[in-house]
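A.B. asks: Residue numbers (my numbering), protein chains in the order written: chain A, 1 to 227; chain B, 1 to 200.
Some clues are possibly wrong.
[What the hints assert, rightly or not] 35 Å max Cα-Cα, derived DSBU-like pairs, lysine-lysine: (1) B:K88 with B:K18; (2) B:K66 with A:K79; (3) B:K66 with A:K82.
[To be verified] The following label-pair restraints were derived from C-beta to C-beta distances: (4) B:A73 with A:P64: 18 to 28 Å; (5) B:A73 with A:E28: 41 to 51 Å; (6) A:P34 with B:R62: 56 to 66 Å.
[As the list claims (entries may be wrong)] Just a sample of chain A residues kept apart from chain B, beta carbon distances all over 12 Å, derived: (7) D20; (8) V104; (9) V180.
Hint data in this document are derived by calculation from the structure and do not stem from the laboratory.
By construction, the Cβ of each residue, glycine as well, lies at the ideal position given by its N, Cα and C atoms.
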Amino acid sequence: MTCEEFELAGLDLETLREGDSVQIAAREHLRVCPHCAALQENWQTLQADLHAMGAETREAEAPPRVELRLRQEYRTRHKSLKARRVAVFAGWSLAAAAVIVAAVSWISWRKEAHQGAVQQAAVVKQKATSAGNAGQGVNLNGTEPAGPEIGETLVASNDAGEFTLLPGSLPGTLEDATVVRVQMQRGALDALGLTVNEERASDLIQVDLLVGDDGQPQAVRLAQAPN
Amino acid sequence: MQIEAQERDDVLLRRSAKGDEAAFAELYRRHQAPLYRFALRMSGNVWAAEEIVQDVFMTLIRDPKKFDAGRGALRSYLYGITRNRVMKHLERVPREWLHEEIDEENASQAGPGFDVKTPVEWLELHERREQVRAAVLELPVEFREAVVLCGLEELSYEEAAQLLDCPVGTIRSRLHRGRALLLAKLEMLRDAPRRASASR
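Here chain B stands alone, though its shape is the one from the complex:
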């Protein structure tokens, strides 16, 4: 069956529920990447993110009628399931480091906005990134969500509010608190080596 690019999600889901595999595949391709990134950035673990995405779409296969188009977009619904799965994962495994294999390739590049001239600079940059990553993963979940969606995924406050099903003001305040916590944490991390070298 032919799938139109602009075919609405709920139409595709209805077709998928009736056994149209192409419709299901199209839905998967449309939504898997942002959900995977969200799960990855929230959990810091590629295996967990993979499992979470699989679990989310498994729910869609098993019980497609759970989605009510009148209550919101499929994207928000899928984000909701992903958030629940992430929470469950974090309850089981409180914090994990972002798996090295993700940035194996990117680690060799400095990334946007960075002009690395020497290996020492590269090392410093790499270390700082690791610190930021760790600090993000240590944030309380509600602040982490806001930072991940608005800071990393670069969604607008309105989009993030829609996905997290909360008012824009809540997103704004969570983001503000998240930033403050991140700054405090990084400040501490950066000061620690300085203090250590000063005491020597």
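This is chain A alone, in the form it adopts within the complex:
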């Protein structure tokens, strides 16, 4: 074994296995090389010093104040984290509740509006039907219509169309209304509160009027051509 090999492998003689070839060679080298023997001696002294130094601090540990500070920090962090989580949860819950309430209100409003429109249409249709039946009864009694003339009151033969409420009329006042077909100048619709094309104001048109108890027209529709 050379001095370099001894430095590399032979310094830790005690860590080598007894009877190991390296250990035997190292021991042999120690006997013949005073330099390496001195090195070995120095190393053993240093090892003992290191061991003693290690023993001095073997039981050393962080002072209890470190643990106290850390636990304090831990509590503070987790408390604020918990509070933040609760706040976030509450915020989201409130937002979700608001969305649900809005959605439910919108749906019920839509439903009510739709029902109102259906009811209104049904009432108007019912009135128109009953008025139509009454008019047909008159026709059956032999009063043949002699053709449409201006101002002549006619009975509607077709009530399938929708009436348009005249301005100022209320749907509730139509319960006992009757339908009359009249021929009139288009410009006369203006007097009923409807918008009229001025260029064709003198045209004659046939309209069905829904006339209330008071004799005032409540709704109007353009008469449909008989099939």
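With chain A's structure known, arrange chain B on it following the hints.
C.D. replies: This is chain B only, laid out in the frame that chain A set:
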């Protein structure tokens, strides 16, 4: 909550992250001492070691999800953080003497393997220890780590390699170089007074 002695570190860490203070305390008690000793022996300063340990566990409190159990043990992870903090400390304060208060108590005793008979012997021993301590603190960091872990903490090469995240061969060679540097330094220190007295 009850903590089992054999409860795994990663389980404890998960519980700690969810707000279980007892789990955190258990983790701290398990790991603080070796980390503190490592920081103390590397920096040579009790205040720095205390600050470093506090900093390491503060990281664990602030960001427990940084630890990935698939990449290694919590012990190695904590050693890694400690090493980084030690490096930062050493960059700021290159070298400090080991604080006297640590060995105040131990200094009166000779320590293991020493049979002190006279005050002169005690003084010599004390002086030699101081020289060794200074020599260790003057070692380059990578050699110092190897000497601290294998020489002072008396870990096996495999354990040290695991903690420093490097091959066993690297630890072996660093330790060898560290020892050689230590021997050279101590040789110089011991020869200096001799040379001085010879020249007188």
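A.B. asks: Could you work out which earlier hints the structure fails to respect and list their numbers in ascending sequence?
C.D. replies: Failing hints: none at all.
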